[in-house]
Amino acid sequence: MIPTLNPDKKHLLWLDYDDILQDYMVSHMVDALTILSPGSIIVLTIDVDSKSLDDNKAWFNHLTDEVSDYLPSGLSSQDCGSKELTTTILAVLHNMITHTMSSRAELDFKLLFNFLYADGHTMLTIGGVLAGREDRRILRSCEWDRFPFCRRNFDQAPFTIKVPNFTRRERFYLDSHMPRIADWIPKAFQIEEEDLSAYSKIFGYCPLYGELLL
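At position 78 of the sequence shown (counting the first as 1) the number is 78 in my numbering, and the numbers step up by one without a gap.
Hint data in this document are derived by calculation from the structure and do not stem from the laboratory.
Careful: at least some of the hints might be erroneous.
[To be verified] Computed list of lysine-lysine pairs in DSS-like fashion (alpha-carbon distance at most 25 Å, straight line):
id, residue 1, residue 2
1, K10, K83
2, K10, K162
3, K201, K51
4, K83, K187
5, K51, K110
6, K201, K187
7, K83, K51
[To be verified] With beta-carbon atoms standing in for the labels, derived distance ranges:
id, residue 1, residue 2, range
8, K57, H99, 24 to 30 Å
9, L5, K110, 18 to 24 Å
10, G204, S73, 39 to 45 Å
11, L213, R137, 24 to 30 Å
12, N61, L15, 19 to 25 Å
The beta carbon of each residue, even a glycine, is placed where N, CA and C say it ideally should be.
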């Protein structure tokens with residue numbers, strides 16, 4: 001479908017995969033980066049769980065087979081351990097984007113966000129805009145400091161989305177005291193500082209679901 005998209009219209013394209021990085025995914029990204037118009041937003045989601053393959057060596061062999069053109073120089077199996085894997089895959093994606101955008105000198109790919117989260121497997125979602133001159137001006141005018149989850153370059157560690165488990169009553173209580181001021185802690189119940197800090201960063205974006213019978 002990507003080659004059929006109108007190059008004169010802005011698009012929001014989300015390549016939402018539930019598997020580990022493979023050659024065909026890179027091909028889709030390259031097509032999108034090559035074809036889509038300035039102002040278009042491209043989002044990519046892939047599995048980066050180290051347990052998705054047997055071990056470091058299996059990951060190294062997989063990346064060598066699938067995305068050899070974009071591997072960081074000097075990559076070894078030691079760069080594919082559980083702590084290093086996400087950084088390595090981000091480097092692969094960055095290399096691929098940089099190489100592809102070199103053919104579109106008038107445009108840049110401006111990273112907007114870079115999330116890690118787990119819904120069974122650890123998933124990585126990156127997103128950015130194909131920015132021309134006017135898009136770059138608009139981006140410069142944005143108050144990015146208001147959004148602690150934004151990531152504007154690939155050197156920054158991903159923002160990890162962690163949603164603690166609360167009862168509905170606890171959630172309502174916490175929301176009534178957000179945004180958190182200084183080192184405030186709830187008096188109605190106990191909560192770990194790590195969970196409270198994580199929730200305070202995402203409370204405004206965390207959906208609250210209800211069950212209805214129609």
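Hint check:
{"no.": "1", "hint": "K10 with K83", "verdict": "violated, 37 Å"}
{"no.": "2", "hint": "K10 with K162", "verdict": "violated, 32 Å"}
{"no.": "3", "hint": "K201 with K51", "verdict": "violated, 28 Å"}
{"no.": "4", "hint": "K83 with K187", "verdict": "violated, 36 Å"}
{"no.": "5", "hint": "K51 with K110", "verdict": "violated, 31 Å"}
{"no.": "6", "hint": "K201 with K187", "verdict": "holds, 20 Å"}
{"no.": "7", "hint": "K83 with K51", "verdict": "holds, 12 Å"}
{"no.": "8", "hint": "K57 with H99: 24 to 30 Å", "verdict": "holds, 26 Å"}
{"no.": "9", "hint": "L5 with K110: 18 to 24 Å", "verdict": "holds, 20 Å"}
{"no.": "10", "hint": "G204 with S73: 39 to 45 Å", "verdict": "holds, 41 Å"}
{"no.": "11", "hint": "L213 with R137: 24 to 30 Å", "verdict": "violated, 50 Å"}
{"no.": "12", "hint": "N61 with L15: 19 to 25 Å", "verdict": "holds, 24 Å"}
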